[in-house]
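Chains as they are written, first to last, in this note's numbering: chain G, 4 to 132; chain R, 188 to 446; chain B, 4 to 146; chain C, 297 to 959.
It should be emphasised that the hints constitute simulated quantities derived from the structure, not laboratory data. As the structure is a prediction and not an experimental result, all values here were calculated from the model. One or more of the hints may lead you astray.
Quick list of simulated restraints, FRET-style, between CB atoms [said to hold, decoys possible]: (1) R/346 <-> C/822: 28 to 34 Å; (2) B/100 <-> R/349: 44 to 50 Å; (3) C/748 <-> G/21: 36 to 42 Å; (4) G/54 <-> C/851: 19 to 25 Å; (5) G/8 <-> R/240: 23 to 29 Å; (6) R/357 <-> B/97: 52 to 58 Å; (7) C/749 <-> G/103: 37 to 43 Å; (8) R/329 <-> C/535: 51 to 57 Å; (9) C/485 <-> G/21: 55 to 61 Å.
The calculated lysine to aspartate or glutamate pairs, modelled on DMTMM-like cross-linking and capped at a C-alpha distance of 20 Å, are [to be verified]: (10) R/389 <-> R/405; (11) C/844 <-> C/786; (12) C/636 <-> R/401; (13) B/137 <-> C/797.
No residue lacks a Cβ here, since even glycine has one placed at the ideal position from N, Cα and C.
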Amino acid sequence: MKIDMNKRDSVIRMTGINPRTCMKCGKCSATCPSFDEMEYHPHQFISLVEAGRVDELMASESLYNCLACMACLERCPRGVEPAKFVEAVRNLKLREHGGNHLAPEAIPEMLDADLPQQAIVSAFRKYSK
Amino acid sequence: MIFSYYPGCTLRTRAKDLDVYARKCALALGVELVEPKDWQCCGVVYPLAGDEIAHRLSAVRVLQDAQSRSVSVLTVCSACHNVLKQCAYDLKNDADFRNKANAYSEFDIPVTGEVDVVHYLEMLRDTVGFDTIKQKVVNPLTGKKIGAYYGCLLLRPGKKMGFDDPENPAIIEEFIKALGAEPVIYPYRNECCGGYVTLENKPLAQKKSQTVLESAKEMGAECVITACPLCLYNLKKNGGDTLPVYYFTELLAEALGVK
Amino acid sequence: MQIEKKPLIVAFCCNWCSYAGADLAGTNRLNYPANVKIIRVPCSCRVNPLFILKAFQRGADGVIICGCHPGDCHYTTGNYYARRRITLLFSMLSYLGIEKNRVRLEWVSAAEGAKFAATMQSFAEEIAELGECKRLEDLRCKK
Amino acid sequence: MQRIGVFVCHCGTNIAGTVDVKTVAEMLGKEPGVVFSTDYQYMCSEAGQTLIQDAIKEHNLGGVVICSCSPRMHEQTFRKACAKAGLNPYMVEVANIREQCSWIHKDVAEGTEKAVILGRAAIAKVHLNAPLTAGESPVVKRALVIGGGIAGMQTALDIADAGFEVDIVEKNATIGGKMAQIDKTFPTLDCSACILTPKMVDCAQHEKINIYAYSEVEDVKGFVGNFSVAIRKKARYVDETKCTGCGICTEKCPVKNIPNEFNMGMDNRRSIYIPFAQAVPKIATIDPNTCNKLKTGKCGVCSKVCGAGAIDYTQKDEIIRREYGAIVVATGFNMIDMTKFDEFGYAQSKDVITSLEFERLTNAAGPTGGTLLRPSDGKHPHTIVFVQCCGSRSTTENGKPYCSKICCMYTAKHAMLTREKYPDTDVYVFYIDVRTPGKNFDEFYRRAVEQYGVHYVKGMVGKVAPRADGTLHVQASDLLAGEQLHIDADLVVLAGAIEPDKSARGLATKLTASMDTNDFFTEAHPKLRPVESPTAGVFLSGVCQGPKDIPETVAQAGAAASKVIGLLVKDKLTCNPCVAQSDELLCNGCSGCEHVCPYGAITYETKEFMQFDRSMKPRRVASVNPAVCQGCGACTVTCPSGAMDLKGFSNRQIMAEVDAICK
Chain G
4 MKIDMNKRDS
14 VIRMTGINPR
24 TCMKCGKCSA
34 TCPSFDEMEY
44 HPHQFISLVE
54 AGRVDELMAS
64 ESLYNCLACM
74 ACLERCPRGV
84 EPAKFVEAVR
94 NLKLREHGGN
104 HLAPEAIPEM
114 LDADLPQQAI
124 VSAFRKYSK
Chain R
188 MIFSYYPGCT
198 LRTRAKDLDV
208 YARKCALALG
218 VELVEPKDWQ
228 CCGVVYPLAG
238 DEIAHRLSAV
248 RVLQDAQSRS
258 VSVLTVCSAC
268 HNVLKQCAYD
278 LKNDADFRNK
288 ANAYSEFDIP
298 VTGEVDVVHY
308 LEMLRDTVGF
318 DTIKQKVVNP
328 LTGKKIGAYY
338 GCLLLRPGKK
348 MGFDDPENPA
358 IIEEFIKALG
368 AEPVIYPYRN
378 ECCGGYVTLE
388 NKPLAQKKSQ
398 TVLESAKEMG
408 AECVITACPL
418 CLYNLKKNGG
428 DTLPVYYFTE
438 LLAEALGVK
Chain B
4 MQIEKKPLIV
14 AFCCNWCSYA
24 GADLAGTNRL
34 NYPANVKIIR
44 VPCSCRVNPL
54 FILKAFQRGA
64 DGVIICGCHP
74 GDCHYTTGNY
84 YARRRITLLF
94 SMLSYLGIEK
104 NRVRLEWVSA
114 AEGAKFAATM
124 QSFAEEIAEL
134 GECKRLEDLR
144 CKK
Chain C
297 MQRIGVFVCH
307 CGTNIAGTVD
317 VKTVAEMLGK
327 EPGVVFSTDY
337 QYMCSEAGQT
347 LIQDAIKEHN
357 LGGVVICSCS
367 PRMHEQTFRK
377 ACAKAGLNPY
387 MVEVANIREQ
397 CSWIHKDVAE
407 GTEKAVILGR
417 AAIAKVHLNA
427 PLTAGESPVV
437 KRALVIGGGI
447 AGMQTALDIA
457 DAGFEVDIVE
467 KNATIGGKMA
477 QIDKTFPTLD
487 CSACILTPKM
497 VDCAQHEKIN
507 IYAYSEVEDV
517 KGFVGNFSVA
527 IRKKARYVDE
537 TKCTGCGICT
547 EKCPVKNIPN
557 EFNMGMDNRR
567 SIYIPFAQAV
577 PKIATIDPNT
587 CNKLKTGKCG
597 VCSKVCGAGA
607 IDYTQKDEII
617 RREYGAIVVA
627 TGFNMIDMTK
637 FDEFGYAQSK
647 DVITSLEFER
657 LTNAAGPTGG
667 TLLRPSDGKH
677 PHTIVFVQCC
687 GSRSTTENGK
697 PYCSKICCMY
707 TAKHAMLTRE
717 KYPDTDVYVF
727 YIDVRTPGKN
737 FDEFYRRAVE
747 QYGVHYVKGM
757 VGKVAPRADG
767 TLHVQASDLL
777 AGEQLHIDAD
787 LVVLAGAIEP
797 DKSARGLATK
807 LTASMDTNDF
817 FTEAHPKLRP
827 VESPTAGVFL
837 SGVCQGPKDI
847 PETVAQAGAA
857 ASKVIGLLVK
867 DKLTCNPCVA
877 QSDELLCNGC
887 SGCEHVCPYG
897 AITYETKEFM
907 QFDRSMKPRR
917 VASVNPAVCQ
927 GCGACTVTCP
937 SGAMDLKGFS
947 NRQIMAEVDA
957 ICK
């Protein structure tokens, strides 16, 4: 269990939100449409960031299964906006050397004739730097 | 009424139906759409991390263009709408971002964010009025039961988007009523269809889009309409053959008799 | 050679919050500079800007006004009046050539002894840095 | 120049430890006007006070300066002591050389120097002190209680039992408030109506209590002891003196589809109605927004069936003005609008209900006769999900940042009663924290879990999705298990946040009482004066001051009543003499002071003044009502001509203090 307060501070800077405003009600995880696909659930992103355990989150596939639907962000009673924490942690990962999740070479086999380019652009925006 | 019409990348290729009918209907409704010169992609996803300035600059460019011409930006695609509206909000309310955006781009007139970003549906509601549309309908879709699919991007975050009540929206239902059809309210109309993971996690995208369509079908919908090309693709591709999915502009064109 | 004079600070404290806060600072033995002298007023809105100018005229180097937090005023709205008046006084001070930092308005509640002491400490330091204020001294009073 | 005596206290070593008290006494003795100066171990002690009194007599002192602890501590003590020796108590000033000198400074030289300066400032002030006499004002021996819920009723009964007249103003057609709608009360589970309705009858029958139901406070003038209140008695279109409450009109009225507020809109009432069977006063009321006769002039059925001839379509609102010595605010609460949280589906399904609606569904006098049935199809629910903290503890726009306090307990009650009456029902309660501080409260909640088998789940509901088959798909988190739960429920009950009644804000303005950001009335002191508002003569009872349950409300209501009684037994009230005073010769009549006064203590009157040529000329001048003025001094600074001054803190006194400090 590695504690990295610098990473914690980076995440807080990126989100602009103090994770301590979370009252641990779990509404984010209750509303999350991707809950079963995620190893770490939205509320855990908040508490692990708060504890400085960002590395565990960065190593997790959960980063790429967040649907960015912003339901947690909308419904959080304390304005904590967990989706921002997921994105911030993902950015930390992507900005590392070799941290890109999606390589251009992988794209062609994912394509089909109807796929809107919106999907490809957004995938690059979200999964590589 | 003149709007700066921002189609966005997908509308010129994969989502032609959304674009073509939107322009035809605007013509029929007396709304003038002027496309900005040399427009580029809006950025597609709004970065939730506050330090991503560059990702928002292409949207800033669109807003600056509209601001300098004193017109509102009209969008049809949900994703473009989400990015542009949130960026306009940031420009207006976040001085740090505004300064950085102006420092990056050498505009003749500095961008202030004092520009309205209007979705086509909002234009129909607030500028044209659903009552007017009702009068102009020539082929009413009487008896058709239609489910509105809002998805995430039109509604959330509610505070910045100010589109409708994010938990119980009514605008597309009003729109459906104006066309003479019967709106079907189903609980998953504002839940995610899983569009963003369609490339990487097909099973998840399938599960989510099927939940949406099955919920609509269960509540009696015969088809579903949306404003988002990615949602449409995902619901069609991954939602099974549960229900047909259309762009809302397509139905509008049909009802107005301009299809 | 003139001996360096310690800067003199006059603090107007409202009876209900800040004066009680100052008492609490005392009860908790929280030290702050002795050159701060407190005058008790019923409410921060009792402080006439004239009193502040008078203090400068008589040789004060800094004046601080302490009142209840906005919304907590014992008299409902007094501190809002004080805030407006002091804001206006600032432009008057710059007109007179007095650094506006020599006047400060702070909200200190009856429970904020530590804040009172810290505020006085920081204000005294700021005034010490600014040095003596001679601008308004009444020459007629000088011997 | 006054003859001043200076008394320096050692306070044991508290002062003497860091301040050389002898030097202070000696130095201050040299100040102009000081004729006597001494120091003593404990000035506040019996011996110390005698020392002061003797000195006053012996040296014929006209002013006294005591260098001791904070005036907030012993100013009153010293004033009383001096008054006993024949000196006006307002000729005493205290220099605070303990809290603001000896306790915070360690260096003796520094402390002594500061103590001398503080003493000098006090001496300079005393020179300008003038003897003040506290004025008196009479007390009207009648109280007004605004709000006729359990808080208002209890306060009124307690005041009336002490022998004072009380008026209750209730905006609804009956008194009783929220408690009348509740089925059972925690933690004893006694029937709410059984304990409430006798109190309602007591109120109606008490010879000292006068109920103005269907009435609202229009305006409030005056001050403590002498309030003058205008009450708007809204037109019922029914003559109160004739109506017998037989209810025949409420059965014959042809307008049948008005949602019944008393049953939270879950059944209908007629346009003419009596809210419920035990209503007090039991008088029919016509709802003017829906009555055919009042809207179109066509109908008149109620008038025809009324044997007493009580229906009067021409009735008008009536304004009654009454005088009161004290006012009690008991305006209560409402549940916030749950449609703003539609992830819970309140607007989308009839089977998502609020807790108050649940109360009505289980109440024998409710729409289902006390059988728990789903509002949508009238079937028995088999799985019920209770959601706590719906909008409470929420910092979002639609929520409330505070804990609503009552929800944990009533939800435990609902869950327990459901399991008792319908053991085949599965009951889930989703909670963030279970908060049950109170006598027998936690035991009650544990009983719900342990004996009644209610499933308490730590977590929150994220989405309620109504299904076509009528079930509600509840998606929630179980934080302890680390799972997302999916429950098919038949009924979802939302424990919505409570908020002060909407009428409270307007009322606070009328009363010049202060409110917090959540529109709860502020108390004069959060710990030591919890039932008084900072505005003298205005008292607080019940939820208008903050969320509380019935036992607490009743306790607070009694406390408010005792404060009111304490006020009303006095024949005269002593006023604070440190009030503003206007110099009529200087006043230019600008009205500036009138506008800044938060108490409305300043009025303008036209008076005749003699001119240079000895002719008389009328001029508008300010006059301060010393009984209303609280002495904040806002007007003194506003006054452009320097006519307004504050006794006890006059411009000259404060300037003298400034001078003494800066010397």
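Supplied distance hint 23 to 29 Å, evaluated on CB atoms of residue 8 of chain G and residue 240 of chain R = holds (25 Å)
Does the alpha-carbon distance linking residue 636 of chain C and residue 401 of chain R stay inside the 20 Å limit?
-> Measuring from Cα to Cα gives roughly 26 Å; hence the hint is violated.
20 Å Cα cutoff - pair residue 137 of chain B, residue 797 of chain C | Violated, because 57 Å separates the two Cα atoms, which is more than 20 Å.
Should the hint that residue 357 of chain R and residue 97 of chain B are 52 to 58 Å apart at their CB atoms be regarded as holding?
-> Roughly 55 Å apart at Cβ, these two residues keep to the hinted range, so it holds.
Do residue 329 of chain R and residue 535 of chain C keep their Cβ atoms within the hinted range of 51 to 57 Å?
-> Given a distance of about 54 Å, which is inside 51 to 57 Å, the answer is holds.
Range hint 19 to 25 Å: satisfied by the CB atoms of residue 54 of chain G and residue 851 of chain C?
-> Violated, at about 43 Å.
Are residue 389 of chain R and residue 405 of chain R close enough, with their CA atoms no more than 20 Å apart?
-> violated (24 Å)
Under the criterion that the straight-line Cα-Cα distance not exceed 20 Å, is the pair residue 844 of chain C, residue 786 of chain C satisfied?
-> violated (30 Å)
For the range 28 to 34 Å, tell me whether the beta carbons of residue 346 of chain R and residue 822 of chain C fit it or not.
-> Holds - the Cβ-Cβ distance for residue 346 of chain R and residue 822 of chain C, about 33 Å, lies within 28 to 34 Å.
Distance restraint evaluation - residue 749 of chain C, residue 103 of chain G, Cβ atoms, bounds 37 to 43 Å | violated (53 Å)
If you check the beta carbons of residue 748 of chain C and residue 21 of chain G, does the distance land in 36 to 42 Å?
-> About 40 Å separates the Cβ atoms of residue 748 of chain C and residue 21 of chain G, which means 36 to 42 Å holds.
Quick one: are residue 100 of chain B and residue 349 of chain R within 44 to 50 Å, going by C-beta?
-> holds (49 Å)
Violation of the numbered hints given earlier is confined to hints 4, 7, 9, 10, 11, 12, 13; the remaining hints are satisfied by the structure.
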